[in-house]
Amino acid sequence: MIRYSLELALHGLRRSPKSTVLAIVTVALGLAASMTTLALLHQLSADPLPGRSQNLYLAWVDTVQAKPDSYESLNDVTHPDFKRIKMADAQALVQEHRAVRQAALAGLDADVSTTEGEHVQKAQSLLGTTSELVPMFGVALRYGRNWSAAEDAARAPVAVIDVDLAQKLFGTGNVVGRSIRLDKTVFRVIGVSTPFAPQPHFFGLDRWAFSDSDLENVFVPYTAALDAGLIPGGSDGCDDKTKRSLFDVDPARCAWLAYWVELDTPQQVADYRTYLDHYAAQQPRLAELAKPAKAQLFGVSEWLAKQNVIPDNARMNVWLAMSFLLLCMANVAGLLTAKFLRRSGEIGIRRALGAPRRVVFMQYVLEATAVSALGGAVALPLTLLGLWIVRLQDQGFTDLARLDPLMFAGLFALSLLVGVLVGVVPAWRASTIEPGLQVKSV
Amino acid sequence: MQIRPILAALRRHRLATLLIAMEVALACAVLCNACFLVVQRWKLIQIHSGVDESALAVLTVNGFDPSQAADVNARMLTGLRSIPGMQSVTVINQVPFGPQAGAAGVSHDPGSFKNTIGVVDFVLGGPGTYEALGLKLVEGRLPQADDYRPATNFAPPDAQVLVSRALADHAWPGESPLGKDFWCDKLHFRVMGVVDHLARAHPHDWGTQATEWTVFTPTLPGGSLAGTYLLRANPHDLPRVLHEARDAVAKIAPHVVLDQENSQTIGDLRADYFKSDRIMIDLLIGVIVTMLGVTALGIVGLASFWVQQRRRQIGIRRAIGATRTDILRYFQTENFLIVTGGIVLGMALAYALNLLLMQHYELPRLPVYYLPIGALVLWGLGQLAVLGPALRAAAVPPVVATRSV
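If you're matching them up, the sequences are chains R and D in order.
According to the UniProt record's numbering, the first sequence holds residues 1 to 442 in order.
According to the UniProt record's numbering, the second sequence holds residues 1 to 405 in order.
To be clear, the hints were calculated from the coordinates, so they are not data collected in a lab.
Even for Gly, the Cβ is constructed at its ideal location relative to N, Cα and C.
Any given hint might turn out to be false.
If you want the footprint, here are the derived chain D segments under chain R, 3+ residues with CB under 8 Å [what the hints assert, rightly or not]:
| no. | segment |
| --- | --- |
| 1 | 15–24 |
| 2 | 281–290 |
| 3 | 353–360 |
Computed list of lysine to aspartate or glutamate pairs in EDC-like fashion (alpha-carbon distance at most 20 Å, straight line) [stated by the list, open to error]:
| no. | chain 1 | residue 1 | chain 2 | residue 2 |
| --- | --- | --- | --- | --- |
| 4 | R | Lys168 | R | Asp212 |
| 5 | D | Lys186 | R | Asp240 |
| 6 | D | Lys275 | R | Asp240 |
Based on the sequences and whatever the hints tell you, model everything.
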């Protein structure tokens, strides 16, 4: 029966090719617009570290000895707050080691060169951090080893660099044991990693959120980086007493380190929250400033949502594309209604010969679904074209515009859904045709 | 034209009528909001920088020690000035649409953030920079030679400065800004004049009210004020002059590094700065055009169907005396009625969509005048779309009425 309906449906489609093509193209345009924007949104809201991010948390304690109001909202623009903490707190928290793993980190900039200076990579992004970052974030080491807590404490000038940088500087991947210069200071390379560029750049949103070109390709102990004269690029507030020039960050008195921890069970999360609250409450100087003790813990997805990393444009485009799809659907429903009602005579005869309404209805829903499925097939190259255009825009995040298998399946499902939705009303209208009236006029 | 028979006929085609009306309503809603977004962005990128953009370029070098600043400045100024066609070369810290160098919070009181004015951009410029920028003084006096003093922290102490009119109106509303004092932490500034316009480096980063909150601070080059140079040339010569200047850097100061990205004409910097807005505008216009096209095609499709379905009725009407114009008018009026229904619904939808967008994005309310404009466009579109089928209907000969009843 289905087969017969399908045959009739295809026959119906062939009968007025002009309106069929128009309907297919309209559906394809709507589907392609929606899928282009949805695919981008899907990529932008992807998990930065699949399998790990659900156990990672950003921990924050407010110990900045200053009135909280100073910079928060000037010119009606909220000053971004990346919830970084002061170095003393980072040291204390790492020392007490209450989470499964923990690391303090901050993005830094330096020119990286070979010791003799014959190969220079200007203005590279570095990650100043502590020893547990590499295992915690799952940075894959290709050669050598990661540094130890002891080397952190000893402020050892050691570095883990990525294999691309190793290639650029030395022309080979395995450069363990060689030395590089960060600005002027020599660091010994003890490990070579694969490039580490999670999207979004969840652990350093102060630097960038999405980028196809930026990534931290050198990991060093932040203590050694400070010794090398590298200065943190920004902070979330400084103590009142800071003797600083206006734009520099005083590493000892400013909150410039993000503190990430790994907590594997809900119990550990709850315990860590309690621990942080307790830690914040213990800070004696805060009481004098009449500042309430504040501590917070953010999961990765919660943190990304709070920082609103998905560009407004990407979301807005989805709204627009969806409205457009709706419009296309209304249009196709109209076209199909006209198409089906043209065959009123035929429907009348089928009904008179004993076809139940259900069967007529089914046939026309099938026909609509066939239109939409064909539209989906046309939409696939259009979507790829759309994504290519998006990638051309070169806005950092736009490079992520790709169609993954999930979104491909999404396109397929959406086109079928659209077909059924679009077909129901015209098919119902067709199935309510009174056989008597039609047969008389034939 | 009698409307009643048209309505009676439409009642027999409720579904198709409803679908066209729906389509028009959706088109109206999306059209109004998309146009509104386009106009918003357009206004955003039309910002008045206040400087002679077509005659100015910026050249940035880095990679030298602060101790070499004076030497680099001297070499660069002399070397670049010798390029033929160069009208002036002066030292500046930032230009509109270039990298932001000096944004800082300022207040009415020293050393506190209580009585704040806001975050402003400090544009530091050496002698000649004011003239090269082409700023327009509207009040007060121009910087004199002795106003240019070396910066100690990041600006000269007790500097006499020019503020933009936008900043003056914001900081001292209803008062003359001349001689007024303000502080950046403990640094003191006094207003000596007001310029008409001067955009900050990143006009959109600090809120729509604050695009021109700028302070022009006369400063002697040296120290941190080094490495960024404002080039002025005849607009026709500018691309060539900039090109030669970029090439000349290696000879003038071999130890510095040219910052390629930030050595461009102000016009190019502006285009780069607004690139994503421009793409968004193009995209929205694309959506609008496609949408109108799809809507028109939908109307054509259904109208053609109706004409075909009613051939006999048309023939009968023609046979009993209706003129071709009558038939044409019939379909035009019918379309007008359906589109009007769609527009009424569409206006409500447009406002709903606008409210939704307002909730999620910083977007003002849709101005009321968009609705009549949107209505006119859709009426026009409907009439255009129906014209073809209606003419075909008008061409139906009366003899059809006599055939095969």
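Practice prompt. Mind listing which of the numbered hints don't hold for this structure, in increasing order?
Written response: Going through the list in order, the structure violates hint 6 alone and respects the others.
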